[in-house]
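Trainee: For the record, the sequence lines run as chains U, Y, R and G. According to the numbering used here, the residues represented by the first sequence are 68 to 146, in order. According to the numbering used here, the residues represented by the second sequence are 68 to 146, in order. According to the numbering used here, the residues represented by the third sequence are 189 to 330, in order. According to the numbering used here, the residues represented by the fourth sequence are 189 to 330, in order.
Read the hints as simulated data drawn from the structure, not as lab findings. Nothing here was measured: the structure is a model prediction, and the numbers come from that model. Worth double-checking, as some hints may not be accurate.
If you want a taste of the chain G side facing chain R, the calculated C-beta under 7 Å gives, among others [said to hold, decoys possible]:
hint : residue
1    : C216
2    : L275
3    : F293
Label-pair restraints from in silico Cβ distances [unchecked claim]:
hint : chain 1 : residue 1 : chain 2 : residue 2 : range
4    : G       : L275      : Y       : D128      : 36 to 44 Å
5    : R       : T272      : Y       : A113      : 27 to 35 Å
6    : G       : D260      : Y       : G108      : 37 to 45 Å
Ideal Cβ placement from N, Cα and C applies to all residues, glycine included.
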Amino acid sequence: MKIDVLYFASLRDAAGVARERVDTGAADLGALYDELRARHGFALPADRLRAALDGEFAPWDAPLRDGAEVAFLPPVSGG
Amino acid sequence: MKIDVLYFASLRDAAGVARERVDTGAADLGALYDELRARHGFALPADRLRAALDGEFAPWDAPLRDGAEVAFLPPVSGG
Amino acid sequence: MSRFAISAAPIDTQALRRALESHGAGACVTFEGWVRDHHQGRAVRGLEYEAYAALAQAEGERVLAEACARFDLVAAACVHRTGTLALGDIAVWVGVSAGHRDAAFSACRYVIDEIKQRVPIWKRESYVDGDAGWIHPDRTPR
Amino acid sequence: MSRFAISAAPIDTQALRRALESHGAGACVTFEGWVRDHHQGRAVRGLEYEAYAALAQAEGERVLAEACARFDLVAAACVHRTGTLALGDIAVWVGVSAGHRDAAFSACRYVIDEIKQRVPIWKRESYVDGDAGWIHPDRTPR
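Sequences are here, hints too, so could you generate the full structure?
Mentor: Put into structure tokens, the structure is as follows:
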């Protein structure tokens with residue numbers, strides 16, 4: 068299935084892109100992050116991130132579906 | 068001795084003046100307030116007021132001297 | 189830097205806020221007290237504030253100096269109105285800047301709490317029903 | 189009334205402050221986060237903020253709605269900058285009005301604390317020594 072992935076801050080720098088379409092068989096958000104972390108060499112482990120699915124926060128075991136938009140969110144530092 | 072007395076808020080309304088010069092033999096601020104309370108019919112007892120002598124807060128047993136400026140301060144309500 | 193003032197004219201909050209600026213400050217907290225249309229169940233029409241100006245100035249400066257001594261501040265200021273105020277007018281303004289927000293919030297709260305307790309300023313409320321009176325809160329003087 | 193916004197343009201604090209006005213409000217507390225010239229011992233030259241705009245908007249609105257539910261407020265608003273900021277620029281503004289100052293202080297503090305913890309916005313600091321980096325505080329995500 069095809070998933071649109073958004074990257075922010077240090078993850079964007081590491082991926083080299085703000086957004087990419089990936090073709091994956093990952094069962095859930097956690098498996099997708101593991102796959103992309105191996106590919107891009109992300110320094111941040113999943114337990115320091117939050118994940119979002121289609122514009123809302125989602126748990127790591129949320130299942131994926133074709134055409135979903137996923138974001139992996141490093142620790143925030145607004146304010 | 069002559070003392071200048073300042074009145075504020077409800078004490079000013081009750082005294083009918085913002086300031087008056089009184090000739091008194093009162094030994095301290097407390098005795099002076101008792102004297103003026105009897106004269107003007109102030110509703111507020113001394114324990115709800117603070118006193119000031121020559122522009123600074125002063126205890127009720129502060130002695131008076133000729134030419135002093137005294138103020139009796141009702142409970143404040145700024146802010 | 190700290191500054192206290194009693195003002196018979198409307199409070200210029202923008203100028204006061206600018207005076208708090210510093211590149212060493214990361215947080216700025218301000219408090220404004222506004223003339224509200226009700227007090228203890230009565231409909232308020234307007235207010236008048238009277239101050240014992242010389243002592244209010246000295247006591248207000250002491251409050252700001254205490255805030256600067258207790259909290260890690262860059263700057264602090266407070267202005268209190270006197271005279272006749274309408275609904276919505278600013279009766280008192282407090283502003284502080286600090287490196288971090290903890291100090292800024294704590295100091296701003298400290299200043300307004302102490303000003304209300306200690307500074308010789310009195311409020312006379314005028315009510316919609318035509319009545320009016322000085323407010324002398326019933327608390328033990330300190 | 190509550191309003192959250194992400195803004196690429198400088199924050200118009202006067203307009204935001206006016207929108208909090210109400211004759212039923214007696215207290216207004218504002219917080220401004222300013223770009224400070226140092227962070228954890230390093231001399232800072234400037235900042236960049238990036239947001240996940242759609243989710244930041246939704247989460248910011250949730251924070252304001254929570255503040256309105258927890259505290260007795262008249263109005264609340266918050267604006268957070270994105271883009272490149274210089275020293276002294278306003279990074280975030282929070283303002284609340286309420287009948288009384290207790291609610292106003294508590295709510296303003298609640299909003300900025302939650303915004304900093306939860307809203308997907310990231311800061312990239314540029315240092316005077318030429319280095320730069322994204323800030324990802326080491327705390328357990330909630």
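Trainee: Decide, hint by hint, whether the structure agrees.
Mentor: Structure-based check of all given hints:
no.	hint	result
1	C216	4 Å, holds
2	L275	5 Å, holds
3	F293	5 Å, holds
4	G:L275 to Y:D128: 36 to 44 Å	55 Å, violated
5	R:T272 to Y:A113: 27 to 35 Å	31 Å, holds
6	G:D260 to Y:G108: 37 to 45 Å	41 Å, holds
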